[in-house]
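Colleague: Sequence:
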Amino acid sequence: MTIYIEEAMNIEDIDNIKKDNQRCRTGRRLEDRSVRMRLSALRFAITERMARLHVRISKDGISKSGDAVLLYEGREPTKSELSTRIYSEGGADPIVVDESNSFSSRSDGKRRNLTIVCTRVRDRKRYADIQKLMSNKKRIRQKYSNTYEPELSGIVEAISEQDIVIVERHSRIDLDSMSDTASKRHLYMRLLTASLTDAIMVDPGRQVDIIIDTPPIQSRVEMIELARSLQRDGRKVRWFEIRRSASDRYLTVHDFETGVVSDMVEGIPKGTVIFNEYIRKRFRGTIRE
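Just so we're aligned: 68 in this note's numbering is position 87 of the sequence shown, and the numbers increase by one with no gaps anywhere.
Treat the hints with care, as some may be off.
[What the hints assert, rightly or not] Dumping the calculated DSSO-like pairs for lysine-lysine here, alpha-carbon to alpha-carbon at most 30 Å:
#  : residue 1 : residue 2
1  : K106      : K124
2  : K106      : K262
3  : K124      : K262
4  : K165      : K251
5  : K60       : K251
6  : K106      : K251
7  : K60       : K124
8  : K262      : K113
9  : K106      : K60
10 : K124      : K251
11 : K251      : K262
12 : K106      : K217
13 : K217      : K262
14 : K113      : K124
What the hints contain is simulated information worked out from the structure, not anything from laboratory work.
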């Protein structure tokens, strides 16, 4: 767990502690008792002031993209809300969000659209347990693109048997007219906002937890504003979070839905057949721009 502090009691002291800690990480033993005491004091101060500081919490390498977001009802969570979070997970429907394609010219040439898929889940434990059906070969993260029959159909069929609703929004990517970062970010956020709204409105009276895969373009500020605007509009969003799909069970399962729906949007036979056989019955609306 890494905690990034935007404000501190003594910047110079924290910088010195970071240097001492870095020396420890590179192999030297931390013999200086005063350094250990300073580290303990800093951890305590950080914990106690968590609710008042601007804190970003992330795991692994999420923070490197600058997109780490964790909000509770549109604001920074308090220490108490963070500590009780795991026990209150069942009180809301997860909305799991992922996109296919990226804005890179090196991406899959068959996919011409940016497609965002949202899945609203009623039974989160049963949904996450689908991951147990995956072979999980060592050192290989299993996903839609590297799973083949008959295992692929078995996983997608298990997804289709869940109490879920799937929605999507997509738009053609024109790299010639979308060369600047701002226009790419605008397209991503427009599709994300529309698809999230569709998923929320499936049952607007029930709380949701929104889980979004790390975006293809840096958009942390826009994500925070989206979370807050949903609150202003009266949407019942509890947790709003960006996670890494490689380390999240919901996003790992959801990758298969995203792949199938994206294939349907692009007219790729592999996914189109699977979509019509399994996913269509859980799909809300029509494939549309």
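Colleague: Which of the listed hints are broken here?
Modeller: The structure breaks hints 5, 7; every other hint is satisfied.
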